[in-house]
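Here the protein sequences come in this chain order: U and A. Going by the working numbering, 193 is the number at position 193 of the first sequence; the sequence numbering is gapless. Going by the working numbering, 121 is the number at position 121 of the second sequence; the sequence numbering is gapless.
Keep in mind the hints are simulated off the structure, nothing from the lab. We put the CB at the ideal spot given by N, CA and C, even for glycine. Please note that the accuracy of each hint is not assured.
[Unchecked claim] Taking lysine-lysine pairs in the DSBU-like style, the calculated list, with each CA pair at most 30 Å apart, reads:
no., chain 1, residue 1, chain 2, residue 2
1, U, 243, U, 70
2, U, 243, A, 55
3, A, 79, A, 171
4, A, 55, A, 171
5, A, 55, A, 233
6, U, 243, A, 79
[As the list claims (entries may be wrong)] Label-pair distances were calculated between CB atoms; the ranges are:
no., chain 1, residue 1, chain 2, residue 2, range
7, U, 207, A, 20, 54 to 60 Å
8, U, 70, A, 94, 56 to 62 Å
9, A, 196, U, 161, 54 to 60 Å
10, U, 185, A, 94, 52 to 58 Å
11, A, 120, U, 149, 31 to 37 Å
12, U, 185, A, 111, 42 to 48 Å
13, A, 94, U, 72, 50 to 56 Å
14, U, 72, A, 111, 44 to 50 Å
15, U, 345, A, 249, 31 to 37 Å
16, U, 185, A, 82, 51 to 57 Å
17, U, 341, A, 249, 54 to 60 Å
18, U, 185, A, 120, 28 to 34 Å
19, A, 94, U, 57, 32 to 38 Å
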Amino acid sequence: MTSADMPNTDMPNTGEAKTPMANTLDQSIAQKQHGRIAALLGNQTFWVFIAVLLACLFLSVSTDSFATTKNLYNITRNVTFVAIIALGMTVVIISGGIDLSVGSVLCLCSMVLAVTMHAGYSIEIGIAAAIGTALLVGAFNGILIAYLGFPPFVVTLGMLSVARSLAMVASNNTVVFEFGPDHDKLLALGGGAWLFGIANPVLYMLVLAILTGFVLRWTRFGRHVFAIGGNERAATLTGVPVKPIKVAVYMISALSAGIAGIVQTGWLGAVTTNIGAGMELQVIAAAVIGGADLAGGVGTALGALVGAALIEVIRNSLGLLGINAFWQGAFIGGAIILAVLFDRVRNFRQND
Amino acid sequence: MLREGEGRVPVLELANISKHFGAIQAVNDVSLSLEAGEVVGLMGDNGAGKSTLVKMIAGNFRPSHGTMRMDGADLVMHKPVEARRHGIEIVHQDLALCNNLTAAENVFLGRELRRGFGPFGILDYPAMNRRAGQIFAELKSETRPRDLVRQMSGGQRQAVAIARTRLTDAKIVLMDEPTAAISVRQIAEVLNLIRRLRDHGIAVALISHRMPDVFDVADRVIVMRRGRKVADKRIADSSPEEVTGLITGAIESA
Chain U
1 MTSADMPNTD MPNTGEAKTP MANTLDQSIA QKQHGRIAAL LGNQTFWVFI AVLLACLFLS
61 VSTDSFATTK NLYNITRNVT FVAIIALGMT VVIISGGIDL SVGSVLCLCS MVLAVTMHAG
121 YSIEIGIAAA IGTALLVGAF NGILIAYLGF PPFVVTLGML SVARSLAMVA SNNTVVFEFG
181 PDHDKLLALG GGAWLFGIAN PVLYMLVLAI LTGFVLRWTR FGRHVFAIGG NERAATLTGV
241 PVKPIKVAVY MISALSAGIA GIVQTGWLGA VTTNIGAGME LQVIAAAVIG GADLAGGVGT
301 ALGALVGAAL IEVIRNSLGL LGINAFWQGA FIGGAIILAV LFDRVRNFRQ ND
Chain A
1 MLREGEGRVP VLELANISKH FGAIQAVNDV SLSLEAGEVV GLMGDNGAGK STLVKMIAGN
61 FRPSHGTMRM DGADLVMHKP VEARRHGIEI VHQDLALCNN LTAAENVFLG RELRRGFGPF
121 GILDYPAMNR RAGQIFAELK SETRPRDLVR QMSGGQRQAV AIARTRLTDA KIVLMDEPTA
181 AISVRQIAEV LNLIRRLRDH GIAVALISHR MPDVFDVADR VIVMRRGRKV ADKRIADSSP
241 EEVTGLITGA IESA
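In isolation and in its complexed conformation, chain A is listed as follows:
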C-alpha cells in the first residue's frame, strides 16, 4: 500500500517524548514520525500510553520531556485549539456530535460561516450546507447536510465527525477508536473514509483495538506497551500474531 521511494518527509516528528503524572510514567521516551498520505495504526493494551501520546499531539497535555516538530519547526502547544491551528484534527471516540443539530451544523460547530458585516453577521446556512455536501461527496458518504444527526447510522455519524477535519487544510488526523462501536458494514464504510483522507495526502493516526481494521487500512503499525514504543514497522513486514504478541508482552520488541 505504501508506495516506496517517493522521498516522503515527516509531517510530525516526536523525539524522546516522555510524560509523567506525579510518579506515574505514562509515556516513556517515545520517538516516532508521521508522514503525509500515510495511515499509522497505533495499538496497545489499555494503559499502554496510547491516549496520553495522542493527547500530547492534540495539545491537551504538554510533554514532560522531549520535543515535537511539525514540518521541521518546533511544535509547542498549550491548548487543544492550537493543535487545530497547526493543522492537527482529532476525531474523538464518542465523535462529539450534537444529536439535535443537523449534519452541516455539526460539521461547522464552533466554526460557523457567517455573512454580513463583522460581528453582526448572520449564519450562512446555505453556504454551510453546500460546503458540507461537497465534503460528504468527496468522502463518498451518503450523508445529507440537512439531516439531523439523531437520525443517522453509526457510519454516517463517523462521516460527520470526519468531515469536520476537512474544513481546514488538516495535515494530521488523529482518530480515536473510530470502529469500536459500529456494525461490520459500517466499519467498511469508515475504513473507506480513512482511505479518502490518506488519498488527500493527510497523515492519519488510527488508534484502535481492532487488529483486522489496522491490518486492512494502515501502512505502518506502532505498538505501545507500558508507556514505551515496542514496535514500529510496515504492515507488510508484520502479522496480526506478531502484533498481538507485542501488545501482550509475549514478544519483547520488534
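So here's chain U without its partners, still in its complex pose:
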C-alpha cells in the first residue's frame, strides 16, 4: 500500500530547480539522485506517521496501560470509523470538493439498517437498503454539485441537516437495539474478530484503504480525480468526463459513510439519532492531517489512515496520562495546524 500511495502525496520534491531558468542538466541529475529521500522528507504523511510512532513509543514507556492488548485493540477499533470515512473524504478533497454530510449520512444509513432489520428483514436486505440509501444521498449531492453548479459546501451542509432529520423520521427518534432475526449476525459483523484476533472493523478499514489507494493510483478514474482537483477546466478541455466523475466522487464519500455506519451499528449494538454528530469535522481533520490539500489535487489513502490514527492516539493518550478531557479539542486542533504548518514551511522554502 505504501508504495502505491507515495507518489500521489508529493508536492515538489526538492527546493532547488524551482526557478524556471536555472533548470540545467546538472541540477536535474542532482535532483534525481536526491529525489527519493527528499520526497520522503518532504512528505507530510511521513512526518505525521513519525509523530504517531513517537507518541506510541512515549506512551508505552511512560504508562503501563498503553501497550496492553486491550488498549491497542480499543485504539485500532476506534480509529476505524473515522478512518473509513476519511478515505471517502480524501477522494472528495482531492477532487477539490468537500462533503460535510458524512456524519449525518452515517446516522441515516445506520438507522435505515436498524429499522429494516428491526422490521424482520434479513441482514442482507438491511445492508442493501443502507448502501442504497448512501448511494442515493451521494448521487443527489453529486448531481447538484456537478450538473447544477452548486458549491459543494452548501449542498452537503444542507444534506447534513436533511439526512439527520430523515434518520429521526425513520426511527421516530427512538433508540433501536433489536435487529430482528439476524441480530446476532449483525453484532458479529461489527463486533467480532474473525482473523488473528484483529477487530473486524480494522480489517474492513485495511481492505477499503488498499482499494482506495489502488483506485487513486492505478486507474483512469483515480488520475481524473486528481486532474479535476488540480485544474478542472484543463480536465474538461482534455476530454475528461468531469461531471460523471464528480458525481461518483460524492457517491464514494457517502458510501464510505454508509459502510462505517453499518459496521458501527454492529459494533455498538444500538443506533441513536445522534451518532455521527460532528463527525464530519473529525473526518476532515484526519484527511487534512494526513496530507490532503483542501485546495484540491493532493491526498492519499494512507494519509487518511495515518491522520485518523494520530487523532485517536492523541485522544487515547490524554485519557491515559490523566489530562483533563477538556483539553482534547486543543490538542487535536493543534495537530491539525501543526501538520499543515509543515506543508506551508516547505512551500515557503520552495517559493524563495
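Place chain A on chain U using the hints.
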C-alpha cells in the same frame, strides 16, 4: 520558407463560413484553406472573429452558414471531442495543464494508456513516460516526463501542451496565443516547437497578437477585421507595417 511548386493539397478548406450569435455577426463569409506542413498566422484585433473562427474549427461552435471540408470530405462536428477524432488538436491559451500531475500524466490526460484486461486494466506509467519522453525528444525539448508541471518553465509547459497534439496523427494544430505570457527566451523555444510540428507535415494555425512571432515562423498570414477576412497572403509578400494597417483598418484590404 514555403517551398514552391510541390502541389500541396489543402487539409482543411473553409468555404463562405459565417457565424452569428443572435444579431451579432461574429464571422462573416470567410473562406480559407490550410495546407499540410504550413504555418498560418491568424491575426486580428480583439473581437475580430479569430476565436470564433477557431472555435468552429475546434468543434465548439457550428457555423451558421458555409461548409468546412477536410481532405476533400465534408466536416460536420457537434462536440470538441469529434475534432480530435478528425485529427484537429488545439493548444489552449492557458495550456489546460494540471500543476499537480507530471508532464507525462498531463500529456496523456483523458487518453491514459492501460495494460491488462479491458475495463480492469491498470495505468501503464512506464509506457506513458517512455512515449512522452520520445515526443519531448522529437520536439527537442528538455522536458522530462516524470517532472511535475508545477516545477516547469513557461517554455516547458508549452512543450507539454504541444506534446499532446503528437499523441495521435494530428493533421491540424490550432495554437491560441502560445507566446502571450512567456519570456523572450522561451518564445524562441516555442517557435522552434512550432517549426517541428510543421516539419512533421502538420498544418499549424497560429493565433497571435505578436507581429514578430508571426513574421518569424509563419508561411502565410490571414488578417481578420470585424468578422471578415481582409488579407490572406504570403509572409514574403507582406510586411509588419502592412499587417498592422490591415488589423487597425488603416488599410482596407490586401
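Under the constraints set out in the numbered hints, which ones does this structure not fulfil? Of the numbered hints, 1, 15 and 19 do not hold.
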